[in-house]
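Engineer: Chains as they are written, first to last, in this note's numbering: chain A, 20 to 198; chain B, 20 to 198.
Hints were generated in silico from the structure; no laboratory data involved. Heads up, a few of these hints could be off.
Identical chains share a label here; the pair holds if one copy fits it or two copies do between them.
[Unchecked claim] Derived SDA-like pairs (lysine to any residue); straight-line CA-CA distance at most 25 Å:
1) Lys135 - Ser72
2) Lys135 - Asp113
3) Lys135 - Arg64
4) Lys135 - Pro115
5) Lys179 - Glu58
6) Lys135 - Leu114
7) Lys179 - Glu55
8) Lys179 - His49
9) Lys179 - Arg142
10) Lys179 - Arg143
11) Lys135 - Glu55
12) Lys179 - Asp28
13) Lys135 - Gly44
14) Lys135 - Gln52
15) Lys135 - His49
16) Lys135 - Asp62
17) Lys179 - Gly42
18) Lys135 - Asp198
19) Lys179 - Leu150
Number of protein chains: 2
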Amino acid sequence: MLVTFVGGDRGPWRIERSEPVQGEGLAPAHRLQIFEGTEAPDDGRWSLRGATSNERYVTAIEQAELHQRSPSLGRREATKAALIPIRKTQAWWDLPQDERRSIFEDRSYHVASGLKHLPAVARRLHHGRDLDEPFDFLAWFEFAPSDSSGFEQLVAMLRKTEEWSYVEREVDLRLVRSD
Amino acid sequence: MLVTFVGGDRGPWRIERSEPVQGEGLAPAHRLQIFEGTEAPDDGRWSLRGATSNERYVTAIEQAELHQRSPSLGRREATKAALIPIRKTQAWWDLPQDERRSIFEDRSYHVASGLKHLPAVARRLHHGRDLDEPFDFLAWFEFAPSDSSGFEQLVAMLRKTEEWSYVEREVDLRLVRSD
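When you get a sec, could you build the whole thing from the sequences and use the hints?
Structural biologist: Structure below.
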């Protein structure tokens, strides 16, 4: 499923902050709309696309645990959100699958770290690389205000990993739901 | 890189045959044009898109061997080609990465079989699933007429594997270069 995130003056999510973490940031925008499907209006300040897709690294055991513990998007209490667009280096994409998996989990604990924050943080990953988008991934997270500090810990931890040494562009947007 | 294969009345490749192997075939067309990049004319009988992308299953050792032995596309003597569009089942895509890898190589010998036919057969894989295309893969092969029987053996062998039990649609097009 193709998903388009449009930053502009409309949408149920108010953008509280938008900061470049690595490389260029995004143009300022007040609100975010999310379009699930192929049609999205062209009237925003920016528009980012990604496809929900199959898992790329998880094992059967990890997948079962993730499925069991992952909450759905749109929970009433999850009024906070983060949109983290990320692009990795060509060096990352040139690595064979087994080396990417080793960096991702054996040496960066990406899944294990995420599991610690389930079911508090709902998450959906969108893949943009094959769509020629400026970002390889659009990571979307939803959580309750009381789980914000746990989410900050997760983000801070991941940014220190070996996996993140392959990130060449990253923007961090934080949002609050205000329909 | 986005690649578009357009079947119609134009192009340097003459379509010798086009057969459904599994599921629905493609509309008849005489010739094939290949567009590397985003712009392709809309005047063909059909148009299939896919992105060249990173490797999804190979190990470091396999990748090194593939790189070393793979010929480039466009060799003068490689006047024969095959375009094999494939769609796999949802059950395949729902499998975790480690199980897909096991089926792909430990039990279906996909890479090992392909390596046997290098450097005779040049190959490029295009990914269409994240683009909402009707086929998950567009596999393109080029070889000399004298290597045709080896190529037939490879295709026949792969179709008998466990991996192929997850293929729900497959078309087999054979082409000859005639500029």
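Engineer: Within a copy, between copies, both or neither: where do Lys135 and Asp113 come within 25 Å Cα-Cα?
Structural biologist: So Lys135 and Asp113 pass the 25 Å test across copies only (23 Å; inside, 30 Å).
Engineer: Treating 25 Å as the Cα threshold, decide for Lys179 and Glu55: within, between, both or neither.
Structural biologist: Cα proximity of Lys179 and Glu55: none, with 32 Å in one copy and 38 Å across.
Engineer: Pop the pair Lys179 and Arg143 into one bin, within, between, both or neither, using alpha-carbon distances up to 25 Å.
Structural biologist: Within one copy only: 22 Å inside a chain, 36 Å across chains, cut-off 25 Å.
Engineer: If the cutoff is 25 Å on CA atoms, where do Lys179 and Asp28 land: within, between, both or neither? Let me know, please.
Structural biologist: neither (34 Å within a copy, 55 Å between copies)
Engineer: Reference check for the pair Lys135 and Pro115, CA-CA at most 25 Å: within, between, both, or neither?
Structural biologist: Cα proximity of Lys135 and Pro115: across copies only (20 Å, versus 28 Å in one copy).
Engineer: Give the relationship of Lys135 and Glu55 under a CA distance limit of 25 Å: within one copy only, between copies only, both, or neither.
Structural biologist: neither (28 Å within a copy, 44 Å between copies)
Engineer: Between Lys179 and His49, at a C-alpha cutoff of 25 Å, which is it: within one copy, between copies, both, or neither?
Structural biologist: neither (30 Å within a copy, 55 Å between copies)
Engineer: Using 25 Å as the alpha-carbon threshold, which applies to Lys135 and His49: within, between, both, or neither?
Structural biologist: The answer is neither: 32 Å in one copy and 57 Å across copies each exceed 25 Å.
Engineer: Given a CA cutoff of 25 Å, do Lys135 and Asp198 count as a within-copy pair, a between-copy pair, both, or neither?
Structural biologist: neither (30 Å within a copy, 60 Å between copies)
Engineer: Measure nothing new, just compare the shortest in-copy and cross-copy C-alpha distances for Lys135 and Leu114 to 25 Å and report within, between, both or neither.
Structural biologist: between (28 Å within a copy, 23 Å between copies)
Engineer: Taking 25 Å as the upper bound on the Cα-Cα distance, should Lys135 and Asp62 be classified as within, between, both, or neither?
Structural biologist: Intra 39 Å, inter 53 Å, cutoff 25 Å: neither.
Engineer: At 25 Å max between alpha carbons, let me know whether Lys135 reaches Gly44 within a copy, between copies, both or neither.
Structural biologist: neither (29 Å within a copy, 47 Å between copies)
Consistency with the previously given hints fails for numbers 3, 5, 7, 8, 11, 12, 13, 14, 15, 16, 18 and 19, ordered from lowest to highest.
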